[in-house]
Amino acid sequence: MSTAAHADHGSHGDHHHKETFISKYVFSMDHKMIARQFLITGIIMGCIGVFLSVLFRLQLAWPETQFGILKMFLGSFAADGVLSPEYYMALVTIHGTIMVFYVLTAGLSGTFSNLLIPLQCGSRDMASPFMNMLSYWFFFLSSVVLLSSFFVSTGPASAGWTVYPPLSALPKAVPGSGLGMTLWLTAIALFIVSALLGGINYISTVLNMRTKGMSMNRLPLTIWAFLLTAILGLLSFPVLLGAALLLIFDRSFGTSFYLSDIWLPGEGAYANVGGSPILYQHLFWFLGHPEVYIIIMPALGITSEVIATNARKPIFGYTAMIISLIGIAVLSFLVWGHHMFITGMNPFLGTMFMFITLIIAVPSAVKTFNYLATLWRGNLKFTPGMMFAIGLVSFFVSGGLTGLFLANAALDIAMHDTYFVVAHFHLVMGSSAIFGMFAGIYHWYPRMFGRRLNESLGHLHFWLTFVSAYLVFFPMHFMGLAGVPRRYYMFTVIPEFEIWADVNVMITIAAIVGSVAQIIFLWNFFSNIFRGEKSEQNPWKSNTLEWTAPLEGIHGNWPGAIPTVYRGAYEYSRPDREEDYYPQHIPGDDDGVYHPESEQKATIRKETVEVSKDKEIVYFTALRSIFGLNKG
Amino acid sequence: MNQKIENLMKPRQESYRGVQPVKFLVWLIIIASIMLFGAVTSAIVVRSADGAWAKFAVPNQFYISTVIVLLSSLMIQLAYVNAKKDNLFYTKLFVGLSIILGVAFIGTNYSGWMELSNAGFALSNDMVGGQSASFFHFATYLHAAHVLLGLLFLLVTFIRIYQYKVHGKNLLMINISTTYWHFVDILWIYLFLFLILSR
Amino acid sequence: MKKTFKLLAGILGLISLFGLLHQTDFSLVQLAASEPSAAETATQSSINWLLIIVSILIGGIIVLIFDITNLTTRVTGKNILDWNKLNAWLCLVFLILGMGAAFWEFFYHGKYVITEKATAHAENMNMMFNATLFFTGIVFVIVQVLLFYFLFKYRTKEGRKATYYSHNNKLEIVWTAIPFVTMAVLVLMGMKTWSNITKKSSDNPKEIEIYAYQFGWNARYSGADNIFGEASFNYISGTNPLGLPVDAEIDALIVSLTKELNGDTIEVNGEPRIIPGLYTQVKDSIFNLYHQSLLEEASGIGLTYTEDKRNALQKKIESIESGAAMADLEAAIYRKEKQIQRIAQIRSAPSAKETIFNGSTYDDVISNEIHLVKGEEVIFLFRARDVIHSAWMPHFKVQMNVVPGMQTRFRFTPIKTTAEARVERGNEEYDYYMFCNKVCGSAHYNMKIKVVVETQAEFDEWMKTQKPAFAKVNENEVQLEEVAPEASDSAKIENKELALK
Ligand code: HEM
Ligand SMILES: [Cu+2]
Ligand SMILES: [Cu+2]
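Protein chains in written order, with the numbering used here: chain A, 1 to 632; chain B, 633 to 831; chain C, 832 to 1332.
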């Protein structure tokens, strides 16, 4: 590492320090490079996660059919080309772990928090670039450790991504709980360190290093989302670490925190007494539920930004958006019990968890309505980023609504751990967060690489992915409601579930189509890093600060002084402006807020006349007059 | 190397609002630790409330540890005050004493753990109600890990005092170490009181 | 130049694609068909390769086509594909087709959704479900329709400017309040339903113990005396798989544990032979001897073994060399000593004879089917032997986790007999089952037990055919599934091998 490289680039323009390849591309402390590292590692992990899902989907669609491809990739774990039950579970477990932690936590919030926090807040870099670099390398190490469990002779961890003990603590109960599980725990511990190092940096940077004029109520919603995400992570990941450490002690140092009254054939009665497996579940889900918001909130933030920019409209209800984000963040710590309704918990506790969980639906609903209102009467530009953001909204609604069933303790009795749950979380957190991530990638690709993606391929990618995701996950609701349990290796041993055979085939084919569609994206992404069309400085005509810094990405972000901010991030299509955007850093003679008093009356009146001609929005005119917009 | 640490510590922003960002990081780390211990102690509360919970006598070593902790907190505070006044010799002295007391703390704890284990209350004991001892060990180990991290902070500070990198105008490093060290000490007091009461 | 090159590449790709498709189309169909013979596996592998290549090629060609359109756009400055317009229309199409498909699903697959009223609480839950479905259904349709309609309607057009409309507090309050009220309704209804299911029953429901293990279930009825007794994992043995407090069984268990520790003498071909106990085995000399013999085997006859067998041998040697085998042995000793100690402790308690070992479990009935009486309230008491399982009876809307070291319960009243269910379905073979719904290992997907609901008379008839678990004398008459001592590489097997040396 060069020592001079990171010295005071706060001081203007002179960027002539020598950088070696290693300090620039490997152990870089530049947040933009770290963002790219997170993204590319995340994409690679994502490919693995998707690939695993295709492998086990083959098993579900055509059980007992031999697939050379399985033997080819899995060797002895799929002797004769048929996945073994243990290995099926291992694939599901690693798929879940990779998708939740590696792709949608590190890959999503790691990438975009790193890229956007300094750029959109107007800071030269993170509070501690060094810790930021460590954060990436812990993540990298953690990925390597997790993947290395594929090469263990007893296979990777196979107790589900939630790794409930005692199953995960007893190598004699399932082979995956041997070395594979040890590696899983190590990987997660490293991951937690990475998430914490990253998270504290994001928080400190947002709170302390915003440029002049960037008050909290002018922050782009992306930054609000990243900030709250980091806070959620800061408060919940240590708890997971505690849970994991206790499990590590149980597995390796003979304690009985989670173990009690166990008897296994060939082993006899275990010595452990007095532990409680349920304790693990409480600790795990205390992280686990905030974790789903850690996943979805950055995606929501990105969506807000992308939708507002491409609708050429202010995001509707900026304050309400922030309040609902905060509401979600606070409430998400109080609802973990909804994953444990049928663990025999005290019914009164169940009632409380049900109550709070259903209440958390309110801020989510507000966000959705605000997105709709943002689109209303916009001037929608369908960039690929915009399409993916729209896809997120659609998935978020479809998946969020089914949450109202699962939140209901009584209904959950008949739904817990069925395919209904698989459908629910894949839509509301899997698909929608992945779409948020894609929206971010398409939107900020020029910012990251200085080049543009092929737009047509982007749209093709969107439609194939969008349709196949619905095809994969929508039918699963009905399977779940018909009682089909999740994490089953096959359904042919239970006659009642055989009616789903053709649906399973359809789902698998859709999953394969959807996965192959990702190749389009990979091609588009990787080839255009080098050969893409050079992007102009502000390709989407966006208001935010990141488009004012040179796209080639220099240390310290801005060659001169950091721009000062004069207004909020969403002043699009202001009636008093010729252009339909008004970048935050352009000085204006106003105080940053649009005061419609004088001139707006006229415009609005004109507008109403216009509007009443417009049949389709007659209802909205009515609404507007009811709620007093027309009063000006 | 030193040059690099120097660079890392230097706020590169022309200006910042609120708290110095790096100092803020330490507060955030402290919050993370609080959550970790919050999780462990609430696990103890929940587990001790239902079922058997063996009682045991806390070895005296842990009381000595508590005194050591209080002393070392005092030392590091003195070091900080002296650094502010540019009294580098006393700064060195007090930071050094803090380090020694930190090591002594681990030592007394270690002997405490041994005594507890020999009395039958080991980390892994498989007794009915033996959870109480397991949790006692677990929580104190976890705290010891935090002490080790704190010692690392102190060591870096110590070295940097020798390099004249810590003085009245450059208090960041010693400020961080002091904050963290106080936290580790307060954490111990909390944990110890908690463990005695819930034993 | 570059353009022509790309075109050429595209055409070449297309030609090879057709060639490949021609070769593979029939095999694609075969792939889905079941039962490929072993000989076909080789061809299948190549088919898979072809599949991969084909999909990559298709992808590549699409990419090329779009690349070319992009290139022409760049050169001519004109958009061949106006994505703004295209997407707007696609959104509309998606909305119509998607809603159509969703409704089709709803009515086509919706008929498989379990709405059966097989238990007393099902009615209430169905009502709750329908209420939730009503609210969410409305929101789903409204929001999705608005979303895609807006996309279509407000697509960008020449000269259009968006309306500057940044907030409307009243509107926002309204659409916060409406969900809030809806949620309040759902919460209140939910609380009622939930407390209906979980509240303590006033009259004493019949208790049945449901015992879960890898990978099966047992049901235990308390027998004539109506007492279950205090079973414990400490007493589990091959002949007492549920760990009931039966003196004779426990005596036998202690004898066998002691033998395992101290060694035993058995007869092989009429000659007495000493089986070394675990204590002897951990002694260095024996261990080394065993190691030595394995090494000899590996370098001698081991060379003629099949690969699998050789690997197994290798593994054994490695586990000895790495110390894992020794650690296993020591752990086994520790476990067994502890177990003996614990049993002794329980037995030595002053009131143990009256409260635990009082013979109340001898008349219990252990069954491989769960039999319930129509209209009679039951409460399941769950116990697990090894890991967490979950009792899942979809048609009864019953689910409860089964956790080792902790008792969970579920109370319900079945109100439909199996016979009625058969008539309803027109299927003479139909049976209710309880499944496992918490991942518990390799055969999790096949862990089930038949549930029979019948009239009181039928139940009594069935009960008469069941034998008590233990006779007063020490003999076990109940057939139980064998508890396979399936310990792949555990100390036990080595133990035997050692004995035969
Ligand atoms: C290619 C797209 C995907 C397909 C076809 C797919 C399919 C599946 C299926 C069928 C299961 C259930 C397996 C079983 O219960 O036996 C599953 C589990 C899971 N998936 Fe996905 N999935 C996809 C993408 C994602 C994404 C984007 C996420 C991110 C959140 C995700 C997270 C999970 C999790 C957390 C589980 C649960 C794992 C467990 O049970 O331990 N998946 N996936
Ligand atoms: Cu949750
Ligand atoms: Cu099971």
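Simulated from the structure, these hints should not be mistaken for laboratory data.
Owing to the predicted nature of the structure, the values given are computational and were not obtained by experimental measurement.
We put the beta carbon where it would ideally sit given N, CA and C, even for glycine.
One or more hints might be untrue.
What the hints assert, rightly or not - Straight line, CA to CA, 27 Å or less: simulated BS3-like cross-link-like pairs of lysine-lysine:
#1 A:Lys172 <-> C:Lys1140
#2 A:Lys381 <-> C:Lys1140
#3 A:Lys381 <-> C:Lys984
#4 C:Lys984 <-> A:Lys534
To be verified - Covered stretches of chain A, as calculated for chain C (at least 3 residues, CB under 8 Å):
#5 98-110
#6 222-234
To be verified - So the derived list for chain B, only partly shown, Cβ under 7 Å to chain A, looks like this:
#7 Gly650
#8 Phe656
#9 Leu660
#10 Ile662
#11 Ala664
#12 Leu668
#13 Asp718
#14 Gly752
#15 Gln763
#16 Ser766
#17 Tyr796
#18 Lys797
#19 Gly800
#20 Leu804
Against the structure, the hints come out as follows:
1. A:Lys172 <-> C:Lys1140: holds (21 Å)
2. A:Lys381 <-> C:Lys1140: Violated: Lys381 (chain A) and Lys1140 (chain C) sit about 66 Å apart, past 27 Å.
3. A:Lys381 <-> C:Lys984: holds (12 Å)
4. C:Lys984 <-> A:Lys534: With a Cα-Cα distance of about 32 Å, the restraint between Lys984 (chain C) and Lys534 (chain A) is violated, given a limit of 27 Å.
5. 98-110: Result for this restraint: violated, n = 0.
6. 222-234: violated (count 0)
7. Gly650: Status holds, d = 5 Å.
8. Phe656: holds (4 Å)
9. Leu660: Interface hint status for Leu660 (chain B): holds (4 Å vs cutoff 7 Å).
10. Ile662: Result: violated, 10 Å to nearest chain A Cβ.
11. Ala664: Holds: closest Cβ of chain A sits about 5 Å from Ala664 (chain B), inside 7 Å.
12. Leu668: holds (4 Å)
13. Asp718: violated (25 Å)
14. Gly752: Since chain A brings no Cβ nearer than about 14 Å to Gly752 (chain B), farther than 7 Å, the hint is violated.
15. Gln763: Cβ of Gln763 (chain B) sits 5 Å from chain A, so the hint holds.
16. Ser766: It holds, given that the least Cβ distance between Ser766 (chain B) and chain A is near 5 Å, below 7 Å.
17. Tyr796: With a minimum Cβ separation of about 19 Å from chain A (threshold 7 Å), the hint on Tyr796 (chain B) is violated.
18. Lys797: violated (15 Å)
19. Gly800: At about 22 Å, which exceeds the 7 Å cut-off, the nearest Cβ of chain A leaves the hint on Gly800 (chain B) violated.
20. Leu804: violated (12 Å)
Consistency note: the structure conflicts with the earlier hints numbered 2, 4, 5, 6, 10, 13, 14, 17, 18, 19, 20.
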